Amino acid sequence: MIARASTLHLPTLRDAPADAEAASHKLLVRAGFIRQVSAGLWSFTPLGWRVHRKVENIIREELDGIGAQEWFAPVLTPLDLWEATGRAGIPEIFHTQDRAGRPFVLPMTHEETFTFHARELQSYRQLPQSWYHFQTKDRDEPRPRGGLIRVREFIMKDSYSFDRDEAGLEVSFRAHEAAYHRIFKRCGIDYHAVQAESGMMGGSESVDYLAPSGSGENTLVTCDNGDFAADLEVARAVPRVAVFPEPLGAPSEVETPGVTTCEALAEFLGIDVAATSKALPVTLPDGTVVLALVRGDDRLEEAKLSAALRGEFRQSTEDEIRAAFGAEPGSLGPVGFKGQILADEALRDGQYVAGANKTGWHLTGVEHGRDFQATFADIRVPKEGDTCINCGNPLRFATAIEIGHIFKLGTRYSLPLEALFLDEDSQLKPLVMGSYGIGPGRVMAAAVEQMHDDNGIKWPRALAPYDVHVLALPGAEELALQAATVLSDAGYDVLLDDREKRPGEKFADADLIGLPVRITVGKKTLEDGSVDVRDRATGAESRVAIAALPGAVKG
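To get our numbering, take the position in the sequence shown, counting from 1, and add 65.
Just so you know, not all the hints are guaranteed correct.
[As the list claims (entries may be wrong)] Lysine-lysine pairs mimicking DSS-like chemistry, simulated, CA-CA at most 30 Å apart:
1. Lys566 / Lys494
2. Lys571 / Lys619
3. Lys250 / Lys91
4. Lys571 / Lys588
5. Lys250 / Lys619
6. Lys91 / Lys571
7. Lys566 / Lys589
8. Lys589 / Lys619
9. Lys588 / Lys566
10. Lys423 / Lys403
11. Lys448 / Lys494
12. Lys566 / Lys619
[Unchecked claim] DEER-style ranges, computed between Cβ atoms:
13. Arg247 / Gln134: 15 to 21 Å
14. Ala573 / Pro111: 16 to 22 Å
15. Ser491 / Glu449: 55 to 61 Å
16. Pro207 / Glu489: 44 to 50 Å
Treat the hints as calculated values from the structure; they're not laboratory data.
For clarity, every value in this text was computed on a predicted model and none was experimentally measured.
Just so it is clear, CB atoms sit at the ideal spot from N, CA and C, and this is done for glycine as well.
Please put together the full structure from these sequences, using the hints given.
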């Protein structure tokens, strides 16, 4: 097909939005692929929607290939389904009601809706099943940013598998995992499948698909040796060795007036900050105060702590801290604390300086086992200087965009929603579920983040809105149409720039829009019947006869 630029809506811009920081945000707006309605709300222009649909079609083909069946479920969802699963209170959920006052939600995912439908699966003979759909999702995101990276409304492909047992779930999960690898490879983007935290979705296992990028909401942690990759929230790492003072036979009190941070404490005592411990009291939903401990040079990873505590928590208030420890924040420690202590693995061995639970005082020589008892877990945030748990090589940290996430949900949703089936042994059992998501908009953003230069986008062939960009320079309009027709007849989608614009403007727009191949038809073509063919990704140029164009642009 041939699309004439003179009749298309191609709203290219010279300048990026003033608030744009991410390359994908700047370029997708400048090249006319997306337009903002409000914070976190974006419209796809005809050009952008063609790219979005290409991502969708790749996903659809691969999911159909593993036997998944496409549905179309509503956005508007009765609140009682979310109340049944305990997710109605998630702060990112939009709530609304109809004119009769009946409550609904505008969900960011459809586990409840598809589990509701799965209640029709009443026999093991109907299993396994895999269902998917593409649908609008809404998220009450407090800080939308980055163009398509962090939005308040988006389209997601979410799919759900239903099996009779964990063994069946394993088969469904691995089938989706393999399909995801094929999807992202076909999209032409660099990505890593990594260990991840399940978060509000729940379940026993999840795999996150992260695309390294200049901007993003995730941090990808990898090893120089290539044998480790994880999302920062769950990544395990080996910290540097702490330098300890001489060991003591018992803790010793030291007055530390006005010293309330580990950095200030280390400077005050003239010791390595890694030889101090950081006390972080948290409160459980029932009001119980738990003391989380990490090394003084580390930060607490809340996702890891939540997993270790098997539930939610919040930071303790100052009143709760005084009641539990008898001291002000900044002087807290494990010695003498009567509640649960959850310490990071790095604190298992050695003697540390800790708060004395007496305002303005600390204890030196504090040792686990002798002076306090704790449960240990990995609850620290890895950082530069850490090494790999597998091989000991340095770890690398890169900003990334989450483009997909798959979960083993188990019976997290089928039990509360009573999605039960009659098994072969005549027993009623809950369906065992998996959930699998991909954001086509984020795939677009990741592609632009990874493939662009100062002049514009470099779309991979699989995602480009058109295959070839033919530029008609003054005086060569008929030959440009001839070149476009030859390519169209050969099965290529062609964007023909037949606008009454200066050549420089057409070249600039071609680079900005970023189709894989640019063909320039100008005065020289009138002389020799050939055109200039330029590869957008490599910059390689060649002179090709119009009749030979189909073979020359074949990727």
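For each hint, the structure was consulted:
1. Lys566 / Lys494: This hinted pair is violated, its Cα atoms lying about 68 Å apart.
2. Lys571 / Lys619: Holds, at roughly 23 Å.
3. Lys250 / Lys91: 25 Å, holds
4. Lys571 / Lys588: Roughly 15 Å separates the two Cα atoms, so the pair holds.
5. Lys250 / Lys619: 19 Å, holds
6. Lys91 / Lys571: 19 Å, holds
7. Lys566 / Lys589: It holds: about 19 Å lies between the C-alpha atoms, which stays within 30 Å.
8. Lys589 / Lys619: 23 Å, holds
9. Lys588 / Lys566: 16 Å, holds
10. Lys423 / Lys403: This hinted pair holds, its Cα atoms lying about 15 Å apart.
11. Lys448 / Lys494: 44 Å, violated
12. Lys566 / Lys619: 28 Å, holds
13. Arg247 / Gln134: 15 to 21 Å: 18 Å, holds
14. Ala573 / Pro111: 16 to 22 Å: 20 Å, holds
15. Ser491 / Glu449: 55 to 61 Å: Holds - the Cβ-Cβ distance for Ser491 and Glu449, about 58 Å, lies within 55 to 61 Å.
16. Pro207 / Glu489: 44 to 50 Å: With Cβ atoms ~49 Å apart, the hint holds.
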